[in-house]
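Model the placement of chain R on the given structure of chain H, informed by the hints.
Just so you know, the sequences run in chain order H and R.
When the letters of the first sequence are read in order and numbered with our numbering, they come out as residues 1 to 327.
When the letters of the second sequence are read in order and numbered with our numbering, they come out as residues 1001 to 1245.
These are calculated hints, taken from the structure and not from any lab test.
Yeah, the Cβ is synthetic: ideal placement off N, Cα and C, and Gly gets one too.
Just to be clear, a hint being listed does not mean it is correct.
Some but not every residue of chain R turned toward chain H, in silico, with C-beta under 7 Å [stated by the list, open to error]:
(1) 1005
(2) 1009
(3) 1016
(4) 1017
(5) 1037
(6) 1040
(7) 1043
(8) 1083
(9) 1084
(10) 1105
(11) 1242
What follows is a set of in silico ranges between Cβ atoms, one per label pair, in the way DEER data are often shown [stated by the list, open to error]:
(12) R:1018 / H:301: 53 to 61 Å
(13) H:138 / R:1004: 36 to 44 Å
(14) R:1119 / H:39: 57 to 65 Å
Here's a subset of chain R near chain H, in silico, CB distances under 8 Å, partners left out [as the list claims (entries may be wrong)]:
(15) 1006
(16) 1012
(17) 1013
(18) 1082
(19) 1086
(20) 1132
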Amino acid sequence: MGHLDLDREDPGSLQASAPRRTEGIRAAGLTKSFKAPQGIVRAVRGIDLTIPIGQTMALLGPNGAGKSTTIDMMLGLSAPDAGSVSVLGGTPQEAVDAGLVSAMLQAGALIRDVNVRELVGMVAALYPRPMAVGDVLELVGIADLGARRTQKLSGGQTQRVRLAVALVADPQLLILDEPTVAMDVEGRHGFWAAMRAFTARGRTVIFATHYLEEADDNADRIVLMAHGQIVADGAPTEIKARVGRRTIRATLVDVAPERLRDLPGVAAVDRHGDTVSLNCTDSDAAIRALLGAYPAAHHIEIAGAGLEEAFLELTGDEDVPAVGEAA
Amino acid sequence: MIAFAYTRFEFVRMFRNPRFLIFSIGFPLILFFAIAAPNRNVRSFNGSGISFPLYYMVGLAAFGTMAGMIATGARIANERTTGWTRQLRITPLSTRAYFRAKILTAYVTALLTIALLYLAGVSLGVSMPARDWLEMTGLILIALLPFAALGIFLGHLVTTDSMGPAIGGGTSLFAFLGGTWFPLGSHGFLHDLGQLLPSYWLVQAAHLAVGGHPWHAMAWAVIAVWTAVLSVGAAFAYRRDTKRV
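Excised from the complex, chain H in its bound form (with noise of 0.2 Å):
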C-alpha cells in the first residue's frame, strides 16, 4: 500500500530531532472524560491503535462512539486524561506546528466575508509546502466556485470547500471527521473520488464514520468503536462480515421457519404472520436460494442491517448507556 512518503525534508521541522517516522499515529491507553449535564460521560476508555504511514483508515462507530474525541487528542485539540498519542513520530502540536497534519473536523460552516479562493489561499500560506490553491479547488470539484463568497454555498459545496482546506496543507496525515455527513449521494461519490485521488500518492488518511459501506468502499483498514472501546479492528472485508448482515423480508405462507433457516446464507428467521424476516449472512445467495425453493414469495425487502443493531449485537448489551457524542 502506497509508498512510504518520507522523502520531503522540511528543514526546520520536526525531522531533524524525531526518529524515523513509520508510524502515522501511535495511541496507548488513551483515556478521556468529560462532564455533561447527564454526568460524567467517559468517551474514551483506553484505545491502543498504530496507524502505519501511507494506510487508509476508517474510524467507524455510532454517534457517541468515542471518534470525534479520539481525533480531537490526535489533533492536540484536547490532551488525554491518560495514556498518550504520537503522531508522525512525536506530540500532536509538533506535528501540527511542522505542518504535517491537516484535519477537516465534524460538521461546522466557513468563516464569513471571504471568497472561496481567499480562504483556501490564507490556509494554503500557514503551510511550508502547500498544493496550489487552483489545483486543489480542481481536485475537490469545485474550481468554479474560486470568487464565491463562502456564505452563498450549498451544504455540499461547503463541506468540499471544508476538504479543500485540509488538502491544500498537503499532509503527511489527514484526518476527516464524518466528512460526508452534510452530503447527498452524488456529493459523497465526488468527494471520495477526491479522496482517492489523494489517497494515491501515499498519504495516510483517518476517517471517522457511521456508515459501514463508506469505511467498507474506502478504507483500507476499519476500525470499529463503540462505547469509546474500539471492538473489531482488520480489513474491511473482515468486518463487514461481522457486522454487514442484512435483513430479508417476505411475505411468504404455509413454510415453517426450520425450512427457511436451512436456505444458503440464512442465520436467523422470525415468522410474524404472513411475513417472514430472515437475518441473513450472505443476503446474495439467500435471496437466490428463496426464490428458487419458494417463487411465492413477495413484497421482498432487503436492508443491510443498522450499524447500532449490529453493535448491540457484537458488543453485547453493553452496561453503558450511549450519552451524545460529547457535545
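Chain R only, in chain H's frame:
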C-alpha cells in the same frame, strides 16, 4: 509570511463586514453629530472654557475606541461557534501570530474611529495645536491595550449568546466608572475607584487637550497592570478553549 497572510485575511474580512464597521466606526460618529451639531456654537461647555464639539469629540473617541476593542470579542465568539477557531488551531499558525492579527485589526478600527471623529470635530470648528492632537492620540492608543486584551479574553471565554450582554455591560461599566459620560471630580469614592480603571486614564488621555489630568506614574502603572492581567487571562482562555462549541 504566515503572520502576514493571516493578518491580511483578518483585514479583508473586517472591511467586508458592513455591520461591524457601522457599529464600531459609524455609531460614535453618529452619536457625535447628534450631540454636538445642535450645540456647535457653544464655545464654553458649562463654563469650562472648552467648546461643546471638542468636549464630545474626545469623549466619544475614548468611548468609541474602547467599545470597538471590546467588540473584537464578539467576532471571536462568532468564529468559535462556527468551528473556525478549532480549524485554525490545527494549522501551523502560532498563537502569537493569531493574537497579533486580532490586535492589529482592532487597532486599525480604533484609528479609523479616531480619525473620523477628528475630521467630524474639525468640521464643527474644533482646532488644537498639532502637538496636542498627537499626544492625545498616542495616549489613547496606549490606554486601549488592556481593552484589546479584554476583547480577546471575552471572545474565548463567553458564548455567542451571552456575548451581547457581556460586551454591552462591560463597556457601559468601564465607561461609566471611568468618567466617560461625566467628570468624576477630583476626590471622593467614584474618583478613587475610577483612578484604578484603565478607562479612567483612557478618558483622561482623550481629555488631555481639554484640561484633563496628565498621566503620572499611577496612570502608567494602572494601564500596565490591567494589560498584564487581561493578557494572561486572554492567553489562558485561548488555551483552554479547545472544545467543540
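Hint validity - residue 1005 of chain R Cβ closer than 7 Å to any chain H Cβ: The hint holds - residue 1005 of chain R has a Cβ within 7 Å of chain H, the shortest such distance being about 3 Å.
Chain H contact restraint on residue 1083 of chain R - CB to CB distance below 7 Å: holds, 3 Å
Restraint check, 7 Å cut-off on beta carbons, for residue 1037 of chain R near chain H: At about 33 Å, which exceeds the 7 Å cut-off, the nearest Cβ of chain H leaves the hint on residue 1037 of chain R violated.
Status of the residue 1012 of chain R interface restraint (C-beta, 8 Å, chain H): holds, 6 Å
C-beta pair residue 1119 of chain R, residue 39 of chain H: status relative to the range 57 to 65 Å that was hinted: Roughly 59 Å apart at Cβ, these two residues keep to the hinted range, so it holds.
Residue 1105 of chain R as an interface hint toward chain H, with CB separation required under 7 Å: Violated: closest Cβ of chain H sits about 13 Å from residue 1105 of chain R, beyond 7 Å.
Status of the hint placing residue 1132 of chain R at chain H (closest C-beta pair under 8 Å): violated, 37 Å
Residue hint residue 1084 of chain R, partner chain H, criterion CB-CB below 7 Å: holds, 5 Å
Minimum beta-carbon distance criterion (7 Å), residue 1242 of chain R to chain H: holds, 5 Å
Residue 1018 of chain R versus residue 301 of chain H beta-carbon gap, inside 53 to 61 Å or not: holds, 54 Å
Hint check, residue 1082 of chain R versus chain H [nearest Cβ-Cβ separation less than 8 Å]: Cβ of residue 1082 of chain R sits 4 Å from chain H, so the hint holds.
Residue 1016 of chain R as chain H interface residue, shortest Cβ-Cβ below 7 Å: holds, 4 Å
Of the hints listed earlier, those the structure fails to meet are numbers 5, 6, 7, 10, 13 and 20, in rising order.
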